[in-house]
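Trainee: Residue numbers (numbering that gives the first Met the number 0), protein chains in the order written: chain Z, 0 to 402; chain L, 0 to 226.
Read the hints as simulated data drawn from the structure, not as lab findings.
Computed cross-link-like contacts, SDA-like style, restricted to lysine to any residue with a CA-CA straight-line distance of at most 20 Å:
| # | chain 1 | residue 1 | chain 2 | residue 2 |
| --- | --- | --- | --- | --- |
| 1 | Z | 15 | L | 99 |
| 2 | L | 83 | Z | 322 |
| 3 | Z | 151 | Z | 138 |
Which bits of chain L does chain Z cover? Going by a derived footprint, with three or more residues having C-beta under 8 Å, they are:
| # | stretch |
| --- | --- |
| 4 | 52-60 |
| 5 | 75-81 |
A virtual CB, placed ideally from N, CA and C, is assigned to each residue, including glycine.
Letter by letter, the chains look like this.
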Amino acid sequence: MKTGQMIGLALSGLGKNKMRSFLMMLGIIIGIATLTVIISLARGAQMKVMKGVQNFGANAVMISAGGGKMFGPPDGSTTTLTLDDARAIQESVKGIKHIAPFTVNLAQTVVFGNKNTETVIFGATPEFADAWQWFVEGGDFIGDEDTSGLSKNCVLGQTVVRELFGGQDPIGETVRINNTNFKVIGVLTKRGASPHGMDMDNRVVVPLTTAMRKLFNTTAIGMIRLYVEEEGRLDEVSANVAAVIRERHHITPPQEDDFRVTNTAAMAKTVQGVSKTLTTFLLLLAAISLLVGGISIANIMFISVNERKKEIGIRRAFGARAVDIRGQFLGEAVIVTLAGGLGGTLLGLAISLSIAHWKGIPAMLSWQPFALAVAFSALVGILAGLQPARRAAALDPVTAIRG
Amino acid sequence: MIALREISKTYHKEGGVEVRVLRGVNLDIEKGEFVSIMAPSGMGKSTMMNIIGCLDRPTGGKYLLDGVEVAGMNDDDLSRTRNKKIGFVFQSFNLLPMTSALENVELPLIYSPDDMDIAAKARAALEAVGLGDRVNHLPSELSGGQQQRVAIARALVNDPALILADEPTGNLDTASSDEVMAIFKRLHAEGRTVILVTHEPEVAEQASRIIRMKDGQVVSDERRVNG
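Chain Z on its own, in the form it takes in the complex (with noise of 0.2 Å):
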């Protein structure tokens, strides 16, 4: 018997009880749907964290004022962080390229003319720029002479610029921060998300000097940001940064920090490491899901070849080999989970489209799921249909056909 006879046969069979075609399937499409939704938002997320990560800067080290576990900015009232940390850092930290301490204040709001909107303020020094590889698009920077001479000067970013000034020219002009009025001398390249997820475009960066004394009143700093000179050398300057601000706040190894070092390696590597936990989390959760739909294909295969002994006798007596019982039986399966394999990843595709649409979160499409249900379906199908194929083809034909 040819192939094509063999996927006809199967094909002819499975249409005589659509019904039941059908409930063999949905295991499978549920299975395989949930999969394919799962990899593509998994990817789509992961793909929005690794984003951030390279948004965030390469060669960085970040140290944040207080400690735990938390991730991103402190609050503007964390106060054991201050300059001459820095300054020790500078000092005695080697591979440095570029040190800038600065403080950050969420949710302040900025005001120009009748319009404001709610922002994050940086106080920063002119080596932020270099710190951060982040420079002005259009206007200067903070300079040297701001942050001496507690200048009343601001740079902005570009979501500040869209939501206050639209499509106007912001430079030389005035917004009000804090009951102080400060002029824009400079506009921020786009940057984009943070790995957090923060707008890192909704800022506006004011001297250092200027923030701690006149707007926030604090002698401490919020973060310091390095450039390192080699990425190479990130965990080793992380390392000894953390040495340095240990002995200097006269904490020992039982002692929780007050502080918080992290690089972009470290955060890329958290990345890669969450989603190599989820990938494995999903082989599982796939894993069990298509064990369940085979069980339940192998069970109705019993079924059906039990129903259909008459038919199988009827095979038999007109000269259809055991090889082709099974063949057609096995072909069965194999067809129904391949179909259940496709449409469940049609419709797992479908849905992460309709979940990154209405919810906003991003979907990675990509061949993999097809692969993945093909190989996965094919290989239940076989799994779940060898069985009972075989039953199917050791009827003896005299008993078989009695029904």
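Assemble the complex: chain Z is given as a structure, and chain L must be docked to it using the hints.
Mentor: The following block gives chain L in isolation, referenced to the frame of chain Z:
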């Protein structure tokens, strides 16, 4: 064409009881004969048919079909032999339900290793039994007589040496029975070998040779001129 020598068949029932259904059957049937095998129910009729039809193997004895020993064949060879040499017609038609007349008749051809135009051959076989206008009908849309004619077309389609019919009129009314018997006679007239297994004397008598069996043995072998 068929030579049975000391054929015996013994079944083992549950509990270890042996049932000797056939006890040394000797029988020769020549090519082109129209033979009835008669036996009361439960006297080895079906077993005879299964063995002659290569569905079952005898426990003892020799069976030569077209000069080939069948008793020693493996399962695949038996399948091939059934496919090429035997055309079965059953009392209960045994058509595949929800399958068109044409597809039912195609059945033996799809298991044939030879290349051919399957649909055309099946259509021709249906036309030969007068059902050329019913090719796409399902068995449930056909009368009993029509269903049995589809079954005969299926038995004929692969041009077998032997047509083997088990109570082919058992489920039919008189008119349909006559139609079906007329087809068998015509097949015989065309030179085919036909074996009818039946317990109805009026059916058996239409053949040219009647073999009567009892208790697993041949008790009489009668040749008739009128058949």
